[in-house]
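Engineer: Here is how the chains run, residue by residue.
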Amino acid sequence: MDARLRRVNKEIADCKNDKSTNINIELIDNSPFHLRGSFEGPEDTPYQGGHFEDIVIPDSYPFQPVKMKFITKVYHPNVSSASGAICLDILKDAWSPVLTLKSTLISLQSLLCSPEPNDPQDAEVAKHYMTSRSSFEETARYWAQVYAGAPGKGKVPKVGAQDAVAIAGLEKAHVDQFEALGFERGKVIDVLRRLNYRGANVASISEDKVVEELLKN
Amino acid sequence: MDMETFSQDPSTTSKGKGKSYEVEYETLSQKLVEELMQADVEHISAIFGVDSATAALLLRHMDWNKDRLIDKFMDNASSVNVAAGVTPASPASSPGPDRSRRSTRTTTKSLKKAEPAPTPQPFVCPICFDDSQVETLALVCGHKFCTGCWGAYVSSKIREEGEHRIICMGENCSVVAPDPFILRALDDDAETAARFQELVVRNFVASNKNLKFCPFPSCTNTVSCPAAASRSTLTTIVPTVVCGADSRHKFCFGCPIEGDHRPVLCAVSKMWLQKCHDDSETANWIKSNTKECSKCQSTIEKNGGCNHMTCKKCKYEFCWVCMGPWVEHGTAWYSCNRFDDKAGVEARDAQSASRASLERYLHYYNRWANHEQSAKLSVELYVKTEKKMEEMQLTTDLTWIEVQFMKKAVDEVEKCRTTLKWTYAMAYYLAKGNEKELFEDNQRDLEKAVEDLSELLESPIEPENIPTLRQKVTDKAVYVSKRNQILLEDTAQGYLEDRWRWNVAVEGFD
Numbered sequence: 004m005d006a007r008l009r010r011v012n013k014e015i016a017d018c019k020n021d022k023s024t025n026i027n028i029e030l031i032d033n034s035p036f037h038l039r040g041s042f043e044g045p046e047d048t049p050y051q052g053g054h055f056e057d058i059v060i061p062d063s064y065p066f067q068p069v070k071m072k073f074i075t076k077v078y079h080p081n082v083s084s085a086s087g088a089i090c091l092d093i094l095k096d097a098w099s100p101v102l103t104l105k106s107t108l109i110s111l112q113s114l115l116c117s118p119e120p121n122d123p124q125d126a127e128v129a130k131h132y133m134t135s136r137s138s139f140e141e142t143a144r145y146w147a148q149v150y151a152g153a154p155g156k157g158k159v160p161k162v163g164a165q166d167a168v169a170i171a172g173l174e175k176a177h178v179d180q181f182e183a184l185g186f187e188r189g190k191v192i193d194v195l196r197r198l199n200y201r202g203a204n205v206a207s208i209s210e211d212k213v214v215e216e217l218l219k220n
Numbered sequence: 005m006d007m008e009t010f011s012q013d014p015s016t017t018s019k020g021k022g023k024s025y026e027v028e029y030e031t032l033s034q035k036l037v038e039e040l041m042q043a044d045v046e047h048i049s050a051i052f053g054v055d056s057a058t059a060a061l062l063l064r065h066m067d068w069n070k071d072r073l074i075d076k077f078m079d080n081a082s083s084v085n086v087a088a089g090v091t092p093a094s095p096a097s098s099p100g101p102d103r104s105r106r107s108t109r110t111t112t113k114s115l116k117k118a119e120p121a122p123t124p125q126p127f128v129c130p131i132c133f134d135d136s137q138v139e140t141l142a143l144v145c146g147h148k149f150c151t152g153c154w155g156a157y158v159s160s161k162i163r164e165e166g167e168h169r170i171i172c173m174g175e176n177c178s179v180v181a182p183d184p185f186i187l188r189a190l191d192d193d194a195e196t197a198a199r200f201q202e203l204v205v206r207n208f209v210a211s212n213k214n215l216k217f218c219p220f221p222s223c224t225n226t227v228s229c230p231a232a233a234s235r236s237t238l239t240t241i242v243p244t245v246v247c248g249a250d251s252r253h254k255f256c257f258g259c260p261i262e263g264d265h266r267p268v269l270c271a272v273s274k275m276w277l278q279k280c281h282d283d284s285e286t287a288n289w290i291k292s293n294t295k296e297c298s299k300c301q302s303t304i305e306k307n308g309g310c311n312h313m314t315c316k317k318c319k320y321e322f323c324w325v326c327m328g329p330w331v332e333h334g335t336a337w338y339s340c341n342r343f344d345d346k347a348g349v350e351a352r353d354a355q356s357a358s359r360a361s362l363e364r365y366l367h368y369y370n371r372w373a374n375h376e377q378s379a380k381l382s383v384e385l386y387v388k389t390e391k392k393m394e395e396m397q398l399t400t401d402l403t404w405i406e407v408q409f410m411k412k413a414v415d416e417v418e419k420c421r422t423t424l425k426w427t428y429a430m431a432y433y434l435a436k437g438n439e440k441e442l443f444e445d446n447q448r449d450l451e452k453a454v455e456d457l458s459e460l461l462e463s464p465i466e467p468e469n470i471p472t473l474r475q476k477v478t479d480k481a482v483y484v485s486k487r488n489q490i491l492l493e494d495t496a497q498g499y500l501e502d503r504w505r506w507n508v509a510v511e512g513f514d
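As you go down the protein sequences, you meet chains A and B in turn. The first sequence begins at 4 in the working numbering and counts up by one. The second sequence begins at 5 in the working numbering and counts up by one.
Simulated from the structure, these hints should not be mistaken for lab results. Among the clues, some could well be false.
Cut-off 30 Å, straight-line C-alpha distance, at most; resulting in silico cross-link-like pairs (BS3-like, lysine-lysine) [said to hold, decoys possible]:
1. A/72 <-> A/190
2. B/148 <-> A/13
3. A/219 <-> B/317
4. A/219 <-> B/299
5. B/319 <-> A/219
6. B/452 <-> B/411
7. B/380 <-> B/412
8. A/95 <-> A/72
9. A/212 <-> B/317
10. A/95 <-> B/148
11. A/22 <-> B/148
12. B/419 <-> B/23
13. A/72 <-> A/13
14. A/70 <-> B/148
15. B/486 <-> B/392
Just so you know, these numbers come straight off a predicted model, no measurement behind them.
In isolation and in its complexed conformation, chain B is listed as follows (with noise of 0.2 Å):
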């Protein structure tokens, strides 16, 4: 028990505030991510004996899986260190990685050769053919090219290919350069070699599952969320977290959405989305507004006249009440009793439930596009409240600070609009039972109070009565906020103990 306590950091500044629908997570600036990788680097670096841009090499070698890595290097370390480019490959083993798939071995002359000894005759580089340079560079497989040539290579493969990993330019040579050494053939070009810690840090990032970059655009910061790092808690929790340099930068840890999606889990927020956008219901709505021909099978609208139709296509004569052939109607169909006959109940019953499975999903479709509508209006709202409280300080004697509530609410309103957005989602796919109806109670009573509360916001304002309105928002802002937690938490609570039991497959849950 001792042990435990002993590992946790006491200098993490992790957010998070033990509610059960929030996560923990940190955000970190580019330079503390930097700061970890170097800790990586410098753990491999001392248990292994090596310098620390070796060990650099290797922990991207083997995508910063510093246990495969020491496995694999205890295993066998001179294979791991020719894979990950830190040691030529010994003439006698096999040449680097598909290097030379189908390329011949052309005349190239071998320098390996001319390298032990310092050669007396000038040096021609093999790339410009340039024989008055002076300067040349080497990685440890001994190929030298000019400082130039290494220079415009580096900084080639760095700025239009994004490459981190630079090999040497031999041929057949999968000798790959440490960081020193790029930053060295970079010179002075400082700017290249920002982009190369960049996409160092971006390889660090995309192979740890710990981390997440902040979508946002020109955004540096990473977020870290050890509780969603693996595919299986998905299950039972909504990863969303804030980037540190914005409140609007807000976004989920387990899945692209770019916001907040609680309560509704990943998956069922991307098959939901999915729905929205795909043409399923355009599928729906021909199977609730046409009928098939039963003798050839057409699809038919009926756009008006009796029910006494003939297929356009067949000639086929039949109700269209009971989908059974005219001639057994007589003249009236209205003495259209055939309600038993077993194949025109069977034609109803499909059709009625095709038209009641888009009734439902219209239902919840509405409800979700009013509550994205209205929280995209949020801002024309903001806008108005602005007003209101200038004309509040104008008309009374309250000040800036007092008036600050109204503001307040409406950032609650926008807040409580996203939950329930996703609480017709959320809704959709539950299946029928006791816990949907306690959802749906709980959904109810914060779409309640987020009107109410909407709706006072937008009352006009008297000066008589601003303190009676000052009370009446905060009240209700406090109460739509504690009804939104406990919609939150109590979903929340609900995937920790397996309670929502859903009408679809939803991936992760058998």
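Next up, chain A with everything else stripped away, as it sits in the complex (with noise of 0.2 Å):
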């Protein structure tokens, strides 16, 4: 039997054995080399709820790294906000062929309890994390609540314009007040989450500036 194929039905098996980690892997398609994996975000962290990736083992695993991105969206300094690739060094150079899905999909959750970012996938993530803890908490916390099924306040929100201003994690008076001058709303949520206009440096960035950067384009 194929090497590889033996090693990843035995690492399947081994994740749905062990009942004490919380660990999942899917087949996708029947095919054991597109596998869909999940896990629940670590408790007391603003990534409660259940993380779906996509999983894609290369021809020459296990010499080479599993290719992993998160499927569902994620608001973290080393996942990018768009596409969920992961920026984790072990899924990179500093992979080695003794580590397994499981362990890596450990590493995956470990990851979502402390952010690095210093070396950031998203910067703009890794921005609002610099500058508001809280802000960014909150942020990822209502990410959670609206993509990963996290339990929210009262009812679960539906993704929609609503909740675009706490999508971006800003704040909703600042919004309202430069969509009052005329500027079209989703321009605006642009414009002051590429600034980073948030927390503390609300005060260093100054409202003809917002105002410069949104007459831009």
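Once you've looked at the hints, go ahead and assemble the two chains, each given alone in its own frame, into the complex.
Structural biologist: Written out as structure tokens, the structure is:
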């Protein structure tokens, strides 16, 4: 039997048998080389809720790392908020063939506990993290509620124009303020997010600067 | 004094004929480089009393810097051993180089414990989970894996990542596999083993400032040129070298230019090429062909009509000649006698300065481009000359060897055109003065001689005047070659004497 297939089968079986870790791996299209992994976001972090990953086993596995990305949208400095791409050393040059799907997923879980904003995948999210932790966590929690089905206060909000402000991690008052000047709401959100108009930064970015950016495009 | 003569290696096959514009260098085949590498390894192995595989790992870790390695090793041998991956890190000290920056310790069972006593139950490789494998391999750290997995791992590292530093597969283990182990793991995969050897040699050459690979495609030679190893020497020499494989494999040891850029220094050549490529001259064109409205600063190109200009943007009316307001001109600009007007004079000065700068650049650039073009056309000249040579052999009783003078002359022309081409880059950056005049005299003499020879080569062949032509071409070729030498020698001497003055700041000069 092909060593790669044997190894992946064993890894999948190991995950099924191990009930202690809450890590699941499922086959996509009945192929053992394209999988979907899932785990619970760590408790006491903004990431509570179910998170899903897309896993592709390359031909040279386990000598080359698995390709993983988040399917569930995650607001995290080391995860692209657009594509779900993950910045983690063991998925790149620090990969070792003794690492397994399970251990990699556990590493991802722990990445959610301890972000590395100094080595970001998503620079805007990382900036948000650095300027205002509380506002960042609120946004991350909101994303977990919307996308990962984390328990929220009251009803689960639906994604729509209403929530775009919260998804971008901005203050509704700020967005309203610039929208009142006659700019389109989506554009205001875009510009404010790019400028990192949050927390203490609000004081250091003049309104003129924001208007200038808004007029640019 | 005697000591010095002793230390000189009599067996060097160095080239360079002692001319001041040539550097001493040596062509090394891959095999010779391997021997050099081996000598370093054996040297270290003898000093430290370790086997050669270990010495190689230590040297690669220190980028082949023997002195630094000896210093560090004498200072703290065990920490160097750990950092180089010769020995495993002891559990008490910090784990190896950022291997586990963010990874969590997983439940992988410690293999180390099982290692000391041979286990009676069948070995299950933790990579492929196969229990039927009997042959296993382990590095000094004792992490055991089956031979098949080692082979696949090592070959994937070498072939896919181009990595020669292959660390143990064990988690958080930073022990590096020594060469004999790698060759064993690769078993009989000679192709990958050769690739590995190549990667190691590349690492050695890249770490050694005296060595440079021949940049020509599929050439495996290396050139050793200690004279050009440090950057500071590049202000006095132009290290053009030719790899032994082919006379066309001519490149500069000091910069990435693949060719001969003598007599111009590397830093100056780089500036010149950059200037020719970037669009700084576009800005100069705009400056010299357009003027700015003195009121709203819009750029205006005058493409016809009279000198009474009206700015399209701000409707300001002005005189194109003096740039002053039109109202002061009355009805006819011909009476524009405001030459002493300060604002007008300044505007004109600034413009004529940038126009002059463009003209100056174009003067040198056109000549540079012309010689480059001519050098490129030399391929055609070759074909033509070959035809002529055949013709000569048919129409006269000259033998093949006797008509070779034509070919030699073509070679000489091509060589000198390359020199001439670069002299224009040099002249562009030389500051005005007697030195530059002398340089340009040499340049003129060479150029004149080259053009004369070129013309002779193109002239039609009449059977009766072949002997005279032959005499003339041979004489002229010798003269051209001599002029080229004089020019190169004089510039090279000038660098050594610090005689040249530049009109811009040149890297390495104060």
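Engineer: Decide, hint by hint, whether the structure agrees.
Structural biologist: Evaluation of the provided hints:
Proposed proximity of residue 72 of chain A and residue 190 of chain A is supported: the alpha carbons are some 28 Å apart, at most 30 Å. With a C-alpha separation of about 19 Å, the suggested pairing of residue 148 of chain B with residue 13 of chain A holds against the 30 Å cut-off. Proposed proximity of residue 219 of chain A and residue 317 of chain B is supported: the alpha carbons are some 23 Å apart, at most 30 Å. Between residue 219 of chain A and residue 299 of chain B the alpha-carbon distance is near 27 Å, which keeps this suggested pair within the 30 Å criterion.
Taking the CA atoms of residue 319 of chain B and residue 219 of chain A, the gap is near 28 Å; set against the 30 Å cutoff, the hint holds. In summary, the hint linking residue 452 of chain B to residue 411 of chain B is supported, as the alpha carbons are separated by about 20 Å, within the 30 Å threshold. With a CA separation close to 17 Å, the supplied pair residue 380 of chain B and residue 412 of chain B stays within the 30 Å bound. Pair hint residue 95 of chain A plus residue 72 of chain A holds up; C-alpha atoms about 13 Å apart against a cutoff of 30 Å.
A C-alpha spacing of about 28 Å is found between residue 212 of chain A and residue 317 of chain B, which places the hinted pair at or below 30 Å, so the restraint holds. Taking the CA atoms of residue 95 of chain A and residue 148 of chain B, the gap is about 23 Å. The hint holds against a cut of 30 Å. Taking the CA atoms of residue 22 of chain A and residue 148 of chain B, the gap is near 29 Å; set against the 30 Å cutoff, the hint holds. At roughly 17 Å between alpha-carbon atoms, residue 419 of chain B and residue 23 of chain B fall within 30 Å of each other, so this suggested pair holds.
Restraint check for residue 72 of chain A and residue 13 of chain A: the C-alpha separation of about 22 Å stays at or below 30 Å, so the hint holds. Distance restraint check for residue 70 of chain A and residue 148 of chain B: the Cα-Cα separation of roughly 26 Å lies within the 30 Å cut-off, and the hinted pair is therefore satisfied. Of the pairs offered as hints, the one joining residue 486 of chain B and residue 392 of chain B holds, with about 25 Å between alpha carbons and a cut-off of 30 Å not exceeded.
When the structure is compared with the earlier hints, no violation turns up for any of them.
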